[in-house]
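Colleague: Position 64 (the sequence shown) corresponds to 64 in my numbering; numbering is contiguous.
Just so you know, the hints here were simulated from the structure itself, not pulled from any lab data. No residue lacks a Cβ here, since even glycine has one placed at the ideal position from N, Cα and C. One or more of the hints may lead you astray.
Pairwise CB distance ranges (calculated) [what the hints assert, rightly or not]: (1) I97 with A240: 22 to 32 Å; (2) T176 with W199: 37 to 47 Å; (3) F148 with R204: 20 to 30 Å; (4) V253 with G52: 42 to 52 Å; (5) F148 with R251: 41 to 51 Å.
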Amino acid sequence: MRADLLKNSLFTIIRREMTRIFRLWSQTLLPPVITQSLHFLIFGGFIGSRVGLVDGVPYIAFIVPGLVMMTVIQNSFMNVVSSFFLAKFQRSIEELIVSPTPDWAMMVGYVFGGIVRGAVSGVLVFAVCAVFAHPTIRHPFAILLFLFLAATLFSLAGFLNGIFAKTFDDISIFSTFVLVPLTYLGGVFYSLNQLPAFWQNVSRLNPILYMVDGFRYGFFGVASVPVWWSAVVLALIAFAITLVNLALLRRGVGMKQ
1 MRADLLKNSL
11 FTIIRREMTR
21 IFRLWSQTLL
31 PPVITQSLHF
41 LIFGGFIGSR
51 VGLVDGVPYI
61 AFIVPGLVMM
71 TVIQNSFMNV
81 VSSFFLAKFQ
91 RSIEELIVSP
101 TPDWAMMVGY
111 VFGGIVRGAV
121 SGVLVFAVCA
131 VFAHPTIRHP
141 FAILLFLFLA
151 ATLFSLAGFL
161 NGIFAKTFDD
171 ISIFSTFVLV
181 PLTYLGGVFY
191 SLNQLPAFWQ
201 NVSRLNPILY
211 MVDGFRYGFF
221 GVASVPVWWS
231 AVVLALIAFA
241 ITLVNLALLR
251 RGVGMKQ
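The whole structure should be built from the sequences, with the hints applied where relevant.
Modeller: Structure (structure tokens):
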């Protein structure tokens, strides 16, 4: 009986998240396609013709994995933080709190929605860019692995932000002052090998570097950081955020206004 209740609770959260994403597709899926298409046109089309090759890859193709990963990161994060905070703001989260839904099931439901939105948005952006850039695919498994790791990690980060958010402004502070700078400094538009040694070491503190670098390896077989190390770093960070989220949920932080 308890297993049925758990399954119903989890599937209800997931179904609500899927409905929200695809019913509001013009707000959830279309904007990243337009934004990244403009990035691709400006950086790849106009500037790329002057840059030439980067790590042996034409610049217009080199930036495609970075743009896709940027889309995955931003949409995974924003989907979870906005959805979870809205549930708190409307006090519908109280229904989950008083129900027999475990903390981990609540987190998994919202994170699953973030992963789906991030992945679908990333695929759409790739489809648009691939029409013009024709990127190769060398290691499909690496592409899927880093897509999943990035979407999972930033969905968890969005959930963490949602726990602490008390106002609508709070859900954009982390995105504006932390997420966006880290994304642009994560190797989306350049190779780590192009930086001086000091800045290469600084860049290694940025988790987005490992996402972009590993994801790009899946396309071109070129990586600035060992691929296995990038995967381990991201998995460990995701695991740590998972433990923090569960601990905060267990203590009721941010859940009781």
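Colleague: Can you let me know if the beta-carbon spacing of T176 and W199 is within 37 to 47 Å?
Modeller: violated (23 Å)
Colleague: Starting from the range 41 to 51 Å, see whether the pair F148 and R251 falls in it by beta-carbon distance.
Modeller: Violated: the Cβ-Cβ distance is about 29 Å, outside 41 to 51 Å.
Colleague: Confirm or reject the claim that I97 and A240 have a C-beta distance inside 22 to 32 Å.
Modeller: The hinted range 22 to 32 Å holds for I97 and A240, with Cβ atoms some 25 Å apart.
Colleague: Is 20 to 30 Å respected by the C-beta to C-beta distance linking F148 and R204?
Modeller: Distance hint for F148, R204 holds at roughly 22 Å.
Colleague: Please test the hint of 42 to 52 Å on the beta carbon pair from V253 and G52.
Modeller: Given about 51 Å between the Cβ atoms, the range holds.
The structure is inconsistent with the numbered hints 2 and 5, although it conforms to all the rest.
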